[in-house]
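Colleague: Based on the provided sequences and hints, a complete structural model is requested.
The residues making up each chain are set out below.
Number of protein chains: 4
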Amino acid sequence: MAARVGVLGATGAVGQRLIQLLDPHPEFEIAALTASESSEGKTYRQAAKWRVDSPIPDDVAEMTVTATDPDEVPDDVGLLFSSLPSSVGAAVEPGFCEAGYVVSSNSSNARMADDVPLVIPEVNADHLDLLEVQRDERGWDGALVKNPNCSTITFVPTLAALAEYGIEKVHVATLQAVSGAGYDGVSSMEIIDNAIPHIGSEEDKLETESRKLLGEFDGAELTHDEMSVSASCNRIPTIDGHLENVWVETEEDVSIAEAAGAMESYPSLDLRSSPDPLIHVFDAPDRPQPRMDRTLGDGMAIAAGGLQETPFGLQYNCLAHNTIRGAAGASVLNGELLLENGYI
Amino acid sequence: MAARVGVLGATGAVGQRLIQLLDPHPEFEIAALTASESSEGKTYRQAAKWRVDSPIPDDVAEMTVTATDPDEVPDDVGLLFSSLPSSVGAAVEPGFCEAGYVVSSNSSNARMADDVPLVIPEVNADHLDLLEVQRDERGWDGALVKNPNCSTITFVPTLAALAEYGIEKVHVATLQAVSGAGYDGVSSMEIIDNAIPHIGSEEDKLETESRKLLGEFDGAELTHDEMSVSASCNRIPTIDGHLENVWVETEEDVSIAEAAGAMESYPSLDLRSSPDPLIHVFDAPDRPQPRMDRTLGDGMAIAAGGLQETPFGLQYNCLAHNTIRGAAGASVLNGELLLENGYI
Amino acid sequence: MAARVGVLGATGAVGQRLIQLLDPHPEFEIAALTASESSEGKTYRQAAKWRVDSPIPDDVAEMTVTATDPDEVPDDVGLLFSSLPSSVGAAVEPGFCEAGYVVSSNSSNARMADDVPLVIPEVNADHLDLLEVQRDERGWDGALVKNPNCSTITFVPTLAALAEYGIEKVHVATLQAVSGAGYDGVSSMEIIDNAIPHIGSEEDKLETESRKLLGEFDGAELTHDEMSVSASCNRIPTIDGHLENVWVETEEDVSIAEAAGAMESYPSLDLRSSPDPLIHVFDAPDRPQPRMDRTLGDGMAIAAGGLQETPFGLQYNCLAHNTIRGAAGASVLNGELLLENGYI
Amino acid sequence: MAARVGVLGATGAVGQRLIQLLDPHPEFEIAALTASESSEGKTYRQAAKWRVDSPIPDDVAEMTVTATDPDEVPDDVGLLFSSLPSSVGAAVEPGFCEAGYVVSSNSSNARMADDVPLVIPEVNADHLDLLEVQRDERGWDGALVKNPNCSTITFVPTLAALAEYGIEKVHVATLQAVSGAGYDGVSSMEIIDNAIPHIGSEEDKLETESRKLLGEFDGAELTHDEMSVSASCNRIPTIDGHLENVWVETEEDVSIAEAAGAMESYPSLDLRSSPDPLIHVFDAPDRPQPRMDRTLGDGMAIAAGGLQETPFGLQYNCLAHNTIRGAAGASVLNGELLLENGYI
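Here the protein sequences line up with chains H, Y, C and A, keeping their order. The first sequence begins at 1 in our numbering and counts up by one. The second sequence begins at 345 in our numbering and counts up by one. The third sequence begins at 689 in our numbering and counts up by one. The fourth sequence begins at 1033 in our numbering and counts up by one.
I should point out that these hints are in silico values taken from the structure, not numbers from a laboratory. What you were told as hints is all true, and nothing was included just to trick you.
Dumping the calculated BS3-like pairs for lysine-lysine here, alpha-carbon to alpha-carbon at most 27 Å:
| # | chain 1 | residue 1 | chain 2 | residue 2 |
| --- | --- | --- | --- | --- |
| 1 | H | K169 | Y | K549 |
| 2 | Y | K513 | Y | K549 |
| 3 | H | K205 | H | K169 |
| 4 | A | K1201 | C | K857 |
| 5 | H | K205 | Y | K513 |
| 6 | C | K893 | A | K1201 |
| 7 | A | K1237 | C | K857 |
| 8 | C | K857 | C | K893 |
| 9 | A | K1237 | A | K1201 |
| 10 | Y | K513 | H | K169 |
Incomplete in silico selection of chain C near chain A, CB under 8 Å:
| # | residue |
| --- | --- |
| 11 | K857 |
| 12 | L863 |
| 13 | N882 |
| 14 | P885 |
| 15 | H886 |
| 16 | S916 |
| 17 | N922 |
| 18 | P925 |
| 19 | P978 |
| 20 | Q1003 |
Chain A is faced by these chain C residues, among others (derived, beta-carbon under 10 Å):
| # | residue |
| --- | --- |
| 21 | H859 |
| 22 | E878 |
| 23 | I879 |
| 24 | G888 |
| 25 | E891 |
| 26 | S920 |
| 27 | I924 |
| 28 | G929 |
| 29 | G993 |
| 30 | G994 |
Don't be surprised by glycine CBs; every beta carbon is placed ideally from N, CA and C.
Modeller: Now the structure itself:
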């Protein structure tokens, strides 16, 4: 029987993707939708300006949107997917966890908190055990799990594949799609025939989240990885798909063939939304490309290519669908991991 | 009196920009236009599919296009601007030089030849003296001077400004406009809602040309700079203006204020096409942007911004108009330098 | 058992879409691929620069591409889908028909010939009987069937739905995607931040093909419809999906409700690629939109919306996926109709 | 001596264009800037997010922005340019007129009022005399003059040129740039790889404003022209420049040559911002194009092209820069007309 789930912040861009992914999902059944005050009491069809590229599911469309409040969510709903603005997430997510809900959240608040697991299942599923620490410390019946920022998710799996060579330094330049900023995040006048070489606080997320994701959890404490990461983030006129240029310096030498092999053989998981292979490696030097490759593995794969040696180590490019693998799909995958591990 | 000049490869994208810049230029008078066989004998208006954003100059429009052959160029023309495809340039430029013409060329052939000056006047005007070596070795009455590739020109002036701190390593990721590939170089199906993470042989140009430009000429031989450069080049859906993310590691520590100061005070030249300031430094972290900043200094300025310290040194972004400062304007500026130095 | 089919001109943009549609098609089995001389003898993977948004099918990738010559196509192949350039189509399609092949062609040559059926199955399947006249006159064992131009296919189904009201005049302005011109048809420098208000010979196709499609076939002769059509065609920076603004003046008055009803209830066919409903009518005045609605009915539906009364009659907008419903899918659908009618 | 002028709503997109045009204007001197409450007391540099493609003028940058209130505007300022949101314009413009200010307004409120002149100087400068009626009726010392909507301004001059042939019916399809909706009016997710076939209330503006502009003023009353106009408006991914497809049916036959002649010889005015020629007619069928032709006549010219006969009359395309000729420049030109006619 499918687990009854809810979506917090259901009307936004990531909320819509969540509904698109959850509606046909055999393990989950959408049973609650919350949004901000202006949507309360409306049907989802009325409340959401639906803009995802598949029609709004009929049954979801007629559900009533409630306030984002634990009292409004039915008790038989065990798992909540959160795509709230981070300030709202910070204010309300702890209340849901205290009330016993397990929250798989895409919101950026609390990602770096010591007792909050920040998880990409294929990379650091073992960090989920941090929830025991969390429950001890906070006295929660519920739990709070985060997935990283979309631009972090894109390159971290490739780093994980290379970790055995000892990563010391990473330079990463991102070319990010406009959907990463939400529906109204980037105006057309800002970006048509243009590029913007800075995304507020995004550089910091790549630099810190990546070190937490590759860190070690000893059962009590999480130690962040010691590699140095320097990111430069750019917004470009693409709809979906973050492309990243990555330079990696490793302790041990790694050849192009070894690096490609490590990526291609990096294991996926036996979870419904984990694609096999996880990392698709292109031989062609001009791939991956956002429009061509963002839907690999139903938008859940990481694409890599252009591997080459440089005077400093390895250089390559990688890409992921920022609103699927990088946001809604990441939260769903964490939900699957939570389900498999008995948290729901 | 204005020097009579010609344009080799006058109908292409850079050729059109050359005409746009040369027509109102007080020191030069367009007196010869050459192109490929299919254009021979036509008026320039008939031969060129004019696509620059100002009307085709009336007098140039009625000139007759000739073959790209020294015999077709009037003898009183002393200086030729070349925007030929590189394979054609390699085949015909030496013949023009042998016939006594001074050629200021944007074509990529021979840029790395030991006796060919590769010049950005504000950066390495002294390399022009390499022409004495060239004439000695080749027995030419004419001369061949090259300007670098558009993506090289964009970041090298900022490196030159920082050279006093001892540049050791440079990582550079480029976001390049489609005009850099010529009118038909990038199809719309390739690039709308997309980005291409590789530009054939472009990475190599940034890495090698930059070291030649910052090299030392001792009167006999040119020694390339020893810094290491690793480039990753991307094509994005912008019309004009190459944006670049640069990381620099220096021997001596350099603060953000020192770096900004070094860039802002880097001297321009007393040549008509050299803008003052040469490098415009933005405080706003999200500048420079291609559509907003590519026409600074009539398209001849370098824009920089986003300076910040990283674990590894300095990071910043820079931008230049790729078909003006990066191509046609670069050749015109070299023409002005040649004129000032008595080569014409 | 699936009919063995071939694709003439298999490496181009429409050829690739044909392969994408035919590979999973249960009624057809790809057994022959032809292309121009430069591709002969290569595997399809080598010959085609694959750019469709799904991976190249493995079995097709390893097939050998042959010359576009009846002698090169196996005898057990009965049906050929042609996406040849029109000049090539004009030269070689008759030879295939003479050799006994049935050709479902997207090429523009011969579309207006008196004895060549120009067919949109849902609109004028009865015109297929013109093949009897064709075979009589030309002595062919094979047959030649055409589908209309992509921009014609987009609006003709809506006219067919309104035909009962007596269409007298049609004004149509098109906003066409770049894929309609083939992979290299529109350069990025031509179209980014731009629009082109003319597409060579396209206006004429909308005006003449629409009248043939809505014409009457009496068993011997086809009489074109007498409505007047005036088209103005624009290229805009979209990848796929032609959007059209249509004004219709009818003999009998037609209300918005009646027009919407006529469109929504216009019958689809019991053929695999004919979607149900054929015409999707939006209430929202700002739909259909290319990126949002081009994949309705797997790219085979017509989307309409914005119906309103004007001083002159009815105004509405319509949209179809130009390389699926407007090209490759149109040919496949005609193939299905030919199969159902016993021509193969 | 230059007239001292003010800008109401100075921080928005049109307000910035107004400042770009007024700053170098020899007849006007910017002496007052107003904006909404959040900008009050700030310098213009702080208040405006400057996004026009030339640097913010230094002197204007340091001016203090005041509330949009007659008491805040110095008494020696005679003329105000208004680019307020229409609801704000409706609320505050009458107060300025009552207080004695002459207001040249781009805001859409009151454009269709019987006693408010709606003026394109080259088309209906004589309508300015309606101000006498306005002052009589309203008891104002000041005056209120409007320019039409950007999409109306684009095609009305071409209709004015053809008026002698007796215009009966007009169909017009627009392809409008995103800047027409203001900086945040169209999000990038809405428009990249897309088009939107409806712009709220825009169709109505083309249909009604055009008839007022071509109407006759007998000294007491303005009679609107009787032609019928039907408009269909589309938003496309271009930055600046509205392109329009126009069909005109006239009482008298008009050949293409006559129509082109009428447009080319349509008189400009002896006002600084009125370009000569007013209408530039292209022979090439694929012109005008937004990116290529929007800056003709410094953005104040109308470009036309593609003239052809249809079954119904004449068809052609026209284009104007929507934020210069279609908005800020239109208001400035009306200001020049007001100055010449002694209203200031």
